[in-house]
Each structure stands twice: as structure tokens, then as C-alpha cells.
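So the chains spell out like this:
Protein chains: 4
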Amino acid sequence: MNGETGGEGVNTIVPLVGIPTIDSPLLVATKCMDDSERILIDSSPSVLDRYLKDNREIPSFELGGPRNKIFFDPSKTKCGVVTCGGLCPGINDVIRGIVHELYYMYGVENVYGIPYGLQGFIPSYRHSFIELTPSYVENIHELGGTILGSSRGSQDIGQIVDAIERSNINIMFFIGGDGTMKAASSVANEVLARGYRCSVIAIPKTIDNDISFVSKTFGFDTAVEEARKVIQCAHVESKGAPFGIGLVKLMGRDSGFIAAHAALACREANFVLVPEEDFDLDGDKGLLATLERRLKHRGHAVIVVAEGAGQKFFEDIPKQTDPSGNVRKGDIGLLLKERIGHYFHLQSIPVNLKYIDPSYVVRSVVANASDSIFCGFLAQMAVHAGMSGKTDMLIGLWNNEYVHIPIPLSVGERKKIDTNGSLWMSVKESTGQPVMKN
Amino acid sequence: MNGETGGEGVNTIVPLVGIPTIDSPLLVATKCMDDSERILIDSSPSVLDRYLKDNREIPSFELGGPRNKIFFDPSKTKCGVVTCGGLCPGINDVIRGIVHELYYMYGVENVYGIPYGLQGFIPSYRHSFIELTPSYVENIHELGGTILGSSRGSQDIGQIVDAIERSNINIMFFIGGDGTMKAASSVANEVLARGYRCSVIAIPKTIDNDISFVSKTFGFDTAVEEARKVIQCAHVESKGAPFGIGLVKLMGRDSGFIAAHAALACREANFVLVPEEDFDLDGDKGLLATLERRLKHRGHAVIVVAEGAGQKFFEDIPKQTDPSGNVRKGDIGLLLKERIGHYFHLQSIPVNLKYIDPSYVVRSVVANASDSIFCGFLAQMAVHAGMSGKTDMLIGLWNNEYVHIPIPLSVGERKKIDTNGSLWMSVKESTGQPVMKN
Amino acid sequence: MNGETGGEGVNTIVPLVGIPTIDSPLLVATKCMDDSERILIDSSPSVLDRYLKDNREIPSFELGGPRNKIFFDPSKTKCGVVTCGGLCPGINDVIRGIVHELYYMYGVENVYGIPYGLQGFIPSYRHSFIELTPSYVENIHELGGTILGSSRGSQDIGQIVDAIERSNINIMFFIGGDGTMKAASSVANEVLARGYRCSVIAIPKTIDNDISFVSKTFGFDTAVEEARKVIQCAHVESKGAPFGIGLVKLMGRDSGFIAAHAALACREANFVLVPEEDFDLDGDKGLLATLERRLKHRGHAVIVVAEGAGQKFFEDIPKQTDPSGNVRKGDIGLLLKERIGHYFHLQSIPVNLKYIDPSYVVRSVVANASDSIFCGFLAQMAVHAGMSGKTDMLIGLWNNEYVHIPIPLSVGERKKIDTNGSLWMSVKESTGQPVMKN
Amino acid sequence: MNGETGGEGVNTIVPLVGIPTIDSPLLVATKCMDDSERILIDSSPSVLDRYLKDNREIPSFELGGPRNKIFFDPSKTKCGVVTCGGLCPGINDVIRGIVHELYYMYGVENVYGIPYGLQGFIPSYRHSFIELTPSYVENIHELGGTILGSSRGSQDIGQIVDAIERSNINIMFFIGGDGTMKAASSVANEVLARGYRCSVIAIPKTIDNDISFVSKTFGFDTAVEEARKVIQCAHVESKGAPFGIGLVKLMGRDSGFIAAHAALACREANFVLVPEEDFDLDGDKGLLATLERRLKHRGHAVIVVAEGAGQKFFEDIPKQTDPSGNVRKGDIGLLLKERIGHYFHLQSIPVNLKYIDPSYVVRSVVANASDSIFCGFLAQMAVHAGMSGKTDMLIGLWNNEYVHIPIPLSVGERKKIDTNGSLWMSVKESTGQPVMKN
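Quick mapping for you: the protein sequence lines, in order, are chains Z, C, G and R. First residue of the first sequence: 97, per our numbering; consecutive thereafter. First residue of the second sequence: 97, per our numbering; consecutive thereafter. First residue of the third sequence: 97, per our numbering; consecutive thereafter. First residue of the fourth sequence: 97, per our numbering; consecutive thereafter.
Hints are supplied without guarantee of correctness; some may be wrong.
Same chains, same names: a pair is fine if it fits in one copy or spans any two.
Stated by the list, open to error - Here are the simulated lysine-lysine pairs, DSS-like style, with alpha carbons at most 25 angstroms apart:
no.	residue 1	residue 2
1	165	524
2	512	533
3	127	533
4	127	512
5	533	433
6	172	512
7	312	278
8	278	425
9	127	381
10	524	127
11	433	408
12	433	415
13	278	415
14	278	174
15	425	415
16	408	512
17	433	381
18	392	524
19	381	172
20	392	381
21	433	392
These are computed hints drawn from the structure, not numbers from a lab.
Please work from the sequences and hints to get the whole structure.
Encoded structure:
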């Protein structure tokens, strides 16, 4: 994963809303820690040597976990949880984990759920906060989606902070993607500017797994599991008819991690198209001619395409954006369906093309075991961080360790597949696909 | 189910290719039977009374099962299996069951798989028959689809019978839908006309479950299981956003059985639209206004639509047909997506519509336990019927009994949901949907 | 299924707590019915002929469904639901279905859940009734087990009826097995004797599927699905080691339906042992020598045994009973494990025996789609029956129709596999197992 | 994970059977590498500082991946694959991955499967090698277990090497646990001693995930997924009866990783008992009294116990070993079942204890998506290592990187849960269980 991040010159000091001075109630049962424990961002000896040679500080992250001293008095603490953006497996596990950790471990009894994302803070939408008790959240991990509801798009930061102050919230947990992280950071700054004491902790959520400095986001593993089933169906369909082609469109706006992983999980895909690797349709090396050779050689083919792949084919079409401000992608799945059909029609090769766009099915399911465990840890780490008074940070997973990452460090730039790295190399080995550029 | 069929004046004599005279090898281990065992088609006392009063013969079906006497000498018998039309969970279970029953129970060692549907009989397609041995089929029930491949559309009956004669096939098993049944019946007649002795046995396959005189077709149960998951996802999506609408399109060209059953299995759908019940979009009683009332009352809604529903909205568009000769349906899913979006846009109600078309995902999966059991019985019954020299018949399930049904009796008319029966009544209770006609 | 029941001389008049006179609120939206619609119990023409010849009334069941007239005024009606005995997939679906049908279709708002089975009626246990509202039961079908809890064993009928009277319950729904049916019937009689008006409706629950006059009980399909997975694992284990033997014990105290169906669903079992067919262990035809031949021929074997099979091997051991009064079975799984190990040890054949007792795993899961649909219908039919004032009856499924069966007709005798019928014949074909009696 | 290993003084030079001099056929399509790329074993800055201060070399592992130069000429290379010990999800994925990588990427066509573990090498067992072609392995990843069969126990190293020489095998892949690793290392040494050129590459397999210097073994993730389902069932059972106790025994001879992870995935367990943490049964702080308090407070409880936990309770019983030489554990599940039953019986508290031992069900299933991906990488890395002439090494995963680890470094010592680390801390938070020592 080293190749996927810059990793240099990183400022990893996590800001505080105040110095923690209260003995943690966890001290009785658990080994607690202070802020000195860290891990290196890049652990290859060659990178290390470079830092040592230059006598520069080696970039590292602060480890997550329960602190000896906490900042907020549990008996008086009020917390809020908000979930924003698209659904993702495991959101309810995170909500449940936060409520349970606060209640059972720290003795914090007041946790509010903010309904329908950032809308929930804004009075004009007339949504009411939900009281999140252990019994209310008892079985929510067996439901997909988010019990709080979600929404896309930004809201006025001032109004959000007004709502936080009005409800006396001391720790605000934001679960969301890149846009939500930015909003959370703005909220953290506005809160500090007002002199109000509220810790802002973010838990990154993106089914595309494309957040910088976060080696895996929750829900991704489950999404890959579901996507694998779909590719398997496409494979079955492709083998079930003469000149059968199974075409599957998967999520992945800016990065093809789901497509790549699902293809490796199923190993039946013959072409994996991702935003990170350019490809042509026409010409002898292009997808269409390559596909024709494959069909004539083997009789069937499976194509997996990430939604953000091949956007150059839509360059002439005016851009649109969704309510989150994301640029709407051209529908590469439908384009491929049409272009492939047209190509073989012209050559009178009677292909049987089956197009599958599983869309929301991949993300609305319940988290698998691995994601549930992961969500549980994220929730615990977020609560520890919040109780100890940290702010403007997110919980990340780095080299199998939970770490504190300042939000400004992570937002803005998406993580992408390194097309020279082992993941993409493995996809190319598994599919046997050539570079499809003339 | 009584209301679903006419049931009167039924000729249920199943034709033979010859009189069975050989003692069945199953006699040693199993209780065998003769052709006198039957069950009534309609078992309501009131229908019965009518027949008794009129002194007419009460319609009944011949029961399936092993016969005391068989027609074909197992040591010399050759069999063929062909799979036609769209995929359906359980096809491989049926193929495996036929091979195992022939080999282990009757001692028939030569079974050919005809590849890619009816194409496989026609020399110009240059497909080769596949030898189906017990070891070849050992694990195929763990794969979706059909290991033989399939194709749509009719082929020349004469050439099919030529191929059957050329390969000395004595029992030909056709697994397919309405069109395949018709072809099988023509083959049976042509074989008899030529004086060649070949039994033609059909196993009806349609994921839509719409074959007359067949209370359930294999794969349907599995398809409903998969469809339920998709509706559940749509429900999660609809609750995950303000004014969330989950819209799911399911299979069902002429009948809405999958949509109706899946909605009853999940119980989260608020609207189920099927070909059997007309509905309007506009007007105060139409779907759009009804949906608006639902949204304002409850904040979210789930709509399940069978692909054959609402075809009246496409009346102006010229009709097209697929290679099987089925009329291509207008895409009611996309039409609803557009019309709903437009309707609420005009009213400035910011709905969040999530459209899911799972398409092939519902039918390419492995059969569930119930369908596997069912497929095993169908295969055994088909082999018993074939070995005893019956022809031009299909294996049906009626009142939980496996029965022999002459193909001409079943083909041509599709089974449909009785909108006055308990299934549809239950759907209406579960959804709470009104009759949406102005 | 005909062979499984006597079917003659059956009294199928369902008793009433009073004559229904109120127009059903369902009349507006739904086609309602009266009590004259029936179906024959046995629909084979030969049985029919016998009745006609003797001029006797042909036995039939009253059909379930909404009636034109109901007995209880919905606005004043209070209902209770109790769940008894062992867990079974789908109980929560039934509870949810009852609450929804009462609330949304009839307008009945007061439904009590009686906790922990019959214990819940008895004051000394100090359990409190639970108010079952639509929102309380909204997601319970996504949880296994019963949200009400359950218990085994009988309680004082007088105290039960006291509790029903005290709470003004007008319709009492009992979900349970044979013992619960008997208790429900006694409650119905005691209620009538006291002149109190309370309808008693039972929904039979037994994972073993062994209730007379009920062709399938809910949860059975799901249990078979789970059991199939376990047999599949046993098969994998048996093939994974030299002389591998996979031995699986499944539920089935008095009948082997789960074992038989699961074996047909997986088709990898080589021996299926059920209570209905006697077998020897020793001797040349016994299980052990037969198993040895199988192992030497094929190298591995899978044995599926129902817990009630082979009880003759425990005849010398004193009998014990569980709290429900069921005789505790000797553990045939462990006995086989020991006897097989001993047998091959003596012969120095190094078998690898893997014993799997999935026990509760088969029954604690969430209902599959088919069972969920089934449970929904059972709940609706039970509510229709209760609202129309019927009592001392259960809801059964017969020839794919929901019927009313007087409880006394069904209890006492268990349904068993007909070892001359098609189910067992199919198991023998699939396994290839001989009759293992010397 | 740092705390789990010593990490100091590690010799990570991987031995070779010869210097690779042939240009890799992968060079055309893929970025290849040489042996200089490494990652640090421990990446915490404090450990790093210690090494720098002492001026010692910082321990690191060689990275896996395709090399520029390979040692074996693909056109003449023969390979062998053997699978040993207990089953584990994903073995067939690894076999398939090795065959595909050798065939499609390197052009190696001769791959033998050695049947039934190390037995397969020994002539007296009379097993024949299996030719592993791409078509033979095409669908094996959809089957659980190992298509090669397996066996436990050691065999004569000389005879194993004889068989390797006799078959001209140049790369021998061993898939197995600790004992198999030791055998593989001995084989590597004997091969070198004889001057025969055969690379020995091991892929560690243990469902318990307890191999040193390997942060995760394949199949573990799937096993946790299955184990979670079982705990969920135990939870359902425990809530389904008054004073319900669900007791689940899971795999984990020397380490409780499956128990701990499954408990975190489900979050319904109240007690997790593992080999790494001692506990008492009796006394006020012991399990029984703690369980009683839990039952009285909450009415139900779930206990998850790893098979290797609480072995001190069997100290008086003579030790036995299995064919692999593992000491047979006392059955802690049955012991707890008896002791808990006895304890509450004495106090007349009518508990309902449901004991579940899923045993082989957890390990015989097909690999989930995450494990399939993992297995694919392991296979590729193993082939790269073998082709480049490395030997006496295993493929490990360390800080998300695939690395080469000398076998002698890893064997002998089992990885264990650090009871002061974040995993166990999280288990204790999730369960709320105290230290149960008097």
C-alpha cells in the first residue's frame, strides 16, 4: 500500500478542544495509554533510510485507543451522531458501537441521533433528534442502511454549530465521505472559534474505499462480497449462451477498488475496466477487437466496469452534478452495452450480451462479519478519541492499526489504484487482459 | 389454485411410443405402479358435484412414478438432454438427476447432452454432443445456469429428428418453456410419423411460473428468495433518505408471480404492479397521486413492478420480438422512474428515487434446497416416464403430486394471478395498495 | 401425501364461540366468503369411488379466508399471542403477521404478547404481557427465534383461562406443537364452559413437520435449507480424508422428514436413517458391514441420522422425559459414532469419522422467503378465523389450500414418512442404500 | 499486532536452490522486481529508535512478487501441490491459483496434485498423483475442502524426497499447518543435501490463525463469518427461554482468535473464554457465580469458549495425541455444560442451557470473497517465489504486504492473543466480562 500515498512531510498532530485531566473510568478494567504511541506511515527500509540520511522526522500517526486521562466528565456529557451521503454496509454497526461504548464503558447516557444527515441540524427541515439508548440500538446491526437516515449535500456551518450548541452536544460524531469530512472540519473550527467545547470526530465512510491515508473503509469488504455474486451470475449467463457476454457495472466513481477486488474474488472476469487505466474502444488493440478475439477463442467473456471508467467517451456531453456536488458520470455501462452490440451486429456475430447493473444491491445489505468487527473497532476508537478531547480528526486504519488522522490531511485527494502495484498486476494476471491502448 | 385453471373437459391420456413389456429393474428394490393411479384436477366438492350431477367423467391426471413394466431395454437405450430458453435456478440439478437416475437405477449408460439448446441438433452450428457420465455431472448442481448452454428460438423439426435418429436416441428430454414444449410436441409427432421409437419427455422451465396445469415450476422458489433480497435493499434505500422511493423491476412477462411472492416474502413493498391488474398513472386514483399521499404520510415507499405490467403505456410504440418469438415489452421500470421523477419535480417535492433492476441476478444463482429437492423429483419422474415408453408429455406438479400432462394440453395459454384469489388478496392486504384506476 | 393420512370418517365441523353477525370491514376492498367452500381431503378417484359407492359423505375441510360476517367488534376486541415449545424459523413472521392483519385490516389495536409460553399466563412466574403494536413488530421478522420467548411444559388450564378473562382477551392465538394444541383445545373448552366469549385459534409449529392433516409446517423449509448446508460440509469432510466418514445428526424425534428432505436437497448422503425404517447395525446386511462395503468401493461415505432413529438400541436404558413430557431419546448420533469407530478399529481400517451435530443452528435462523410467505398466510388465515368467531381449531395447509382443522382431529398422532411412498423411494434411489435388516 | 511477536534479531534471508538467471516471461506485461524490496517487521517509532540507538540492523522481511530473473525454465518445469492437516476454507482457491499462475503466466504445464497429504508421496499407500490442468481446476473454488484430499501425521522424509525425485518435481508447494511446515523444511534440506534442484514453498494453513509472523492465515475470515452465525443462533436460543444460556464451542486449540473475532462480529456474547486467559469456575469471582449474576440481572447469557480454554480443569486426566501429534484437548464445552447445569440445579434455578458445537461446519464451507482474494494472492506469490528458485520459505502477510519468511523462523511457536492488546480489550468491552479469577 506504500505506493498509494505520498507519505512525506505529514503533519500528524491531532488538535484538542482542551487538555484531558479526568481519570478515565476504563482505567479499572483496561490498560490505557497516552498519546506517545505511534506507527510509521511508510515502513519500507528504503524510505526510512532517506529520512534518516536527511535527518528529517519520520512521518508517523498517533495510535487510537483509550487514554489514561479524558477531557469530558461522562456524567455531564452529551453526544451526537450523524450519518451522511450514500448508504454503506455497517453504518448501523458503527452507530450501535458508539452508543454501547459511551453507555457501558464511559457511563455517558445522552446520545442523540441527528436524522437525515446534515439536514437534521437545520431547523427548517423540521426533523427531530432521536434518543439513542442501548435498547433502541440493540438489534440495528441486523438491518442494512442507517436507522438515522441520510442525505446528500452541504448545509450552513453556522446553523449546524447553532444546533450543536443548542443541544449542549460535547462530542459530535460524523459518519460520511469526503464532503462530510470537510463539513466536520469546518464545524470543528467554528466550534473552537466560538469558544464552545465540542469534540468533532469523523469516521470515514465510502463504499469506493478511496479515502487517502485510510487503507480500508468499512463496508468495502461486504460490497466486494456482493459484487462477487453478481460477477458470478454474469459468468453463468455468459457461459449459458453461444457467444455469451456478461457485462457488469460496479460502483467506483474515481477509483476501481470494488471492481478490482470483486474480480479477484471471483476470478471469472476477463476484462476489468477502471478509472485509473485508460483504454480505447476502437482500433486493433482496443476493447472491441480484443473482446472479439477472446470470444472467437473461448466462446464467452465477462467484463467488469467501474462506473467512473472510460469517462473520456463522454467528453462532449455537458457536465452535471448531484446534490453532494459530485460530477455525474456518463453511464459507461450503457455505453459499452450499445457499442459492443453495435460492433458485433456490424460483423454479423450473434453475441448474447447480458448487462447487469446491481446498483444499490451492493451497498444496502447488512455488514459481513469482517466489516462488523471493523465497525465495532472504529466506534470504540472514535469514542476514546472524543472522550479524550481530540477534535478535527478521523479514525483511520493503517498497517492494521487504528490511528488518529487530522481531517485536513485526508480530504480533497482520492486514493486510487496504483496501476504499477500488486493489486492491479494481480488483476491483469487473473484476467489476462492486455493494455487496450492503440 | 383451483381458480387458476379451467379444469373441465380435459383429455389426460398420455400417448405411448409402444407398449411396455420389460420388467423394470427397479422392481427389486422399490414399489412400482401401473397407469391406473390418478388424482383429481379440481378437488372442491362443489365442482365434483357438478360432474356427478351431469354424469360426466371427473377430470384427473395420471400419476408419475416408476412402472412395473418398461418399454426400453436399459442396456441398449440412449438418451439425450437439451436445455432451451433463459436460465433458471436448478437446470443443472435436473440434468444431474436424469443422468444419475438413468445410470444408477436403470443401468442406462449412454446419455448425451445437446449443447446450446435446439441449435445443438442442427449440424450447421457445429456444436458437438457432450457425454454425460455420473462423474461428469457430479458437482454441477453447485453451479448456476446450465452446463449444456442454451439458446432461444426455434429450429427445423426435421433436422432435430434427423439428429435424434442419427444418434440412436431413444428418450429425449426437453427442458424449456412454452416454445420448447411446442417444439418437443412436434418432435414427438414427427418421430411417430417416421416410425422411429423415441420417447419425448418435457420438463417445463419458466422462472415466471406461468405454465398452465403446473402449480409450480422449478427455480421459482429460488428466484423469489433472490428477489426478496432486492426488495429488502430497496426498502433500506427508501428509509435511508428523506422522501425515499425504492423502485424494483422484477421478471414476469405475462404474470406477476415473482413480484407477488417476493413482496409477500419481504412485506416491505407498498405497491406491487403486475400484468394481471390494470392501473393508471395519472388522476386522483392513479399511482402517482397515491404514491404522493403515501410519501406525505409515511416519508418513504417501495414499489415492485413486474416487467410485463403497465404495457398499455407503450401502445403507441411499434412492437419488437426476441429470438424466441416473445414480444419485447416496453421497459416499465424506466418509464416509472421517469414519470415519478417528473411528477414530483413539478411539485417541487425532493424525492430520492432509487431504481433497482436486478435482471439476471435473480435467475443465475444456484438452486435453493427446496428447488433442488423439486428438481430431483422432476428428473426421476421424467426418467420413469421415458423408460416406460410414454411420449409427448410433460412432468407437472399438481396438488403436491407429480403427474403426467399431455404437452398439447398445457402449451399456448399462460397461467396468471387470479386477482380475486387469495394470493392477490394477500398482496393487497400486505401492501395496503388500493385499486389504482380512475 | 394421500398415503400419509387415514382421511376417512373425519368430522370437520369447526366449532364457534358464537354466530358472526357483523359485516366485515374487509368487504370494502376484498372478496369475502362464507363457510361453504371446502376441499376434499383425499383427491384420488379410487378413494372417491369408494365413498360414492357406499353413499357416504366425502371427507373435506373448510377453507380458510376472510368471512363476510365477523363475530367480534374490532373496536372492542383484545387479542393475545403466545409461543410455546422449541424455536422454529418464522415464529416472529407469524407474530408480526397477526399484529399487522389485526391492526391494518380489521382495526384491532389491542394485541398482547404473552411472554415465555404458557408460563406467561401464570401469575407466580411474574412475567408481564407485552403490548404488540405495528411499530413494535416492524423489524422482528429479521430476527430468529421468538421475541416473546417460549417455554416447555403444561400449565394449569384454569389459571390460563383466568388470565385470559382478567385481560379481556377475545381471541387467543396459540403457536406451538402437539402439547400446545392439546392445551389450546382444553382452554377453548374451559372458556366455553365458563360462558366467556373467546376464540381459540392454533397455528401448528413443529420443525419436524410431523403434525397430522398438515402437509407442511412453517419453518420446515428453512430448517431443510440449513440442514443441507451441514450435509454438504459432512460430504466435504468425508472426501477430504482417506476412508472419510461424515456423520450428521438432524432433528426428527418421531419422523425423519428433515433428514429425508435435506438428503434429497444435497444428494450426497449415502445412508439416511429415520425412525420410520428399522435397521440393524450388525450382521452382513447391517449398517456397519454395508458401510464397510461402501468405503472399500468409493473411499468415503456420508450418513444422515434423525435423532429418533434406531431407538431400539437403547431399550435397556431407563426412559426419561423433558419438561414438555416428550420421552428423551437415546443419543443415536453418539452411539453410531462409537459403534462405527469400534467396528473399523477392530478391523484395522483407519477411518476418519467426522461427527456433526448442528443442533439448534438448524432452527434458530431467520425464515427463508418461502417460509416467510407461508407464515404471512398462516397469520392472515388465523386472524380471519378468529374474527369470525371460530374456536378450537388450527390453520392447516392441505393440497396448497389453507384450511380449518378441529384441533382434536389433529393432535395425538404424529405424521410419519410412508416408507412405501415416493419421498422415501426417492431417498433410497438417491442414496442407493439397501434395506439394512438381516 | 506488534505486541504479538518478538520481532528482534530476526534472520530474514530466504535460501535459494540456485541463482536465477533466466528472464521472466512476465517481464513483457508486468513490472517485476528484485530481492532488495523489504518492509520493517515492527514499524513503531519507539522500537525503531532502539535499533538506531544500538546501531543494529532493523529487522525486515523480503517482499513477495514476480522477479526479473527466474531459476527454472518454464518449458521443462514440473510442480507438485500437496494439502495436509485439517480442512480450511480456501484450499481449493490456492490450488486453482497455483495451477492458473503456473500455466497462464509462466507457461508451466505439468502440475501434479499429491493426494491425501503426505501419504500421497509414500508408495505403500497406493495413491496416484492427479494431473492438475486449468480445466480440471476450473470450478474447484466453488467446492469446500480440498479436491486433493488430506491426511494428518508425518511421513518418512526420505521417501517423500524419493517421490519428488522420481517424478522430477522442481517446485513443491506444501499447504498445511505447523507440522507440515516442519516437514517441508526437512524436505527442503534433504533435497539440497542430495544435490537435487527442487524449490520448497509453503503456504501456511491453520484455521486458528496462530502462525507466528503471519498476521492472517487464509480461511480465518470465512471461519469467523460462520462462527458468527452460530453465536447469533445461541443468542436467539438464550433469549427464547427463561434463564436461557447459549453455550458455543469454537475451534482454537492454542489461541482464541476465532472465538474473539466471532464474538466481536456478533456482539451478543457475554463471556468469551480463550486459552490465553486463565479463569476459575468456582468462587465468587469465578465463571459460575458471575454467570448467575448476569442471569439474574438480564435473564439470559451467551458463552463462547475456544476448545483450548480451561485445560487446567483436565489436569488429572492422562494426555492423548491425535495422528498429527497434537495433544488432544479435554472437551471444555461438555465440561462447562455439565458444570453449569450442576451449579444451577443445586440452586434450583431452572436454567435452559443450549449447547452448540458446530465443529466442522465452520471449516468445510467455501471461502468468502475476502479469503478468495487472499488465496489468489498467496498462490501467485508462492509461484513467483518458486519460479525464482527460493526454497525453505513460506508466504506470509505482514502489514498488508506479502512477504517471504524462512520456515524455521515461523514454526514451533504459536501466535497468541495478547491479553493486553486492543483485540482482547475490545472483547472485554464488548462482553463486559470481568477477570474471572479469585
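Against the structure, the hints come out as follows:
1. 165 x 524: Cα proximity of residue 165 and residue 524: across copies only (20 angstroms, versus 50 angstroms in one copy).
2. 512 x 533: For residue 512 and residue 533, only the intra-copy Cα distance (20 angstroms) is at most 25 angstroms; the inter-copy one is 50 angstroms.
3. 127 x 533: Classified as between; 18 angstroms across copies, 56 angstroms inside a copy.
4. 127 x 512: between (37 angstroms within a copy, 18 angstroms between copies)
5. 533 x 433: within (20 angstroms within a copy, 37 angstroms between copies)
6. 172 x 512: neither (43 angstroms within a copy, 40 angstroms between copies)
7. 312 x 278: within (19 angstroms within a copy, 35 angstroms between copies)
8. 278 x 425: within (22 angstroms within a copy, 46 angstroms between copies)
9. 127 x 381: This pair counts as between: shortest inter-copy Cα distance 20 angstroms, intra-copy 60 angstroms.
10. 524 x 127: Between copies only: 11 angstroms across chains, 46 angstroms inside a chain, cut-off 25 angstroms.
11. 433 x 408: within (16 angstroms within a copy, 27 angstroms between copies)
12. 433 x 415: both (22 angstroms within a copy, 21 angstroms between copies)
13. 278 x 415: So residue 278 and residue 415 pass the 25 angstroms test inside one copy only (23 angstroms; across, 52 angstroms).
14. 278 x 174: Classified as within: same-chain Cα gap 23 angstroms, cross-chain 54 angstroms, threshold 25 angstroms.
15. 425 x 415: within (8 angstroms within a copy, 32 angstroms between copies)
16. 408 x 512: within (18 angstroms within a copy, 47 angstroms between copies)
17. 433 x 381: within (19 angstroms within a copy, 38 angstroms between copies)
18. 392 x 524: within (20 angstroms within a copy, 45 angstroms between copies)
19. 381 x 172: Neither: 66 angstroms inside a chain and 32 angstroms across chains, both beyond 25 angstroms.
20. 392 x 381: within (16 angstroms within a copy, 54 angstroms between copies)
21. 433 x 392: within (19 angstroms within a copy, 38 angstroms between copies)
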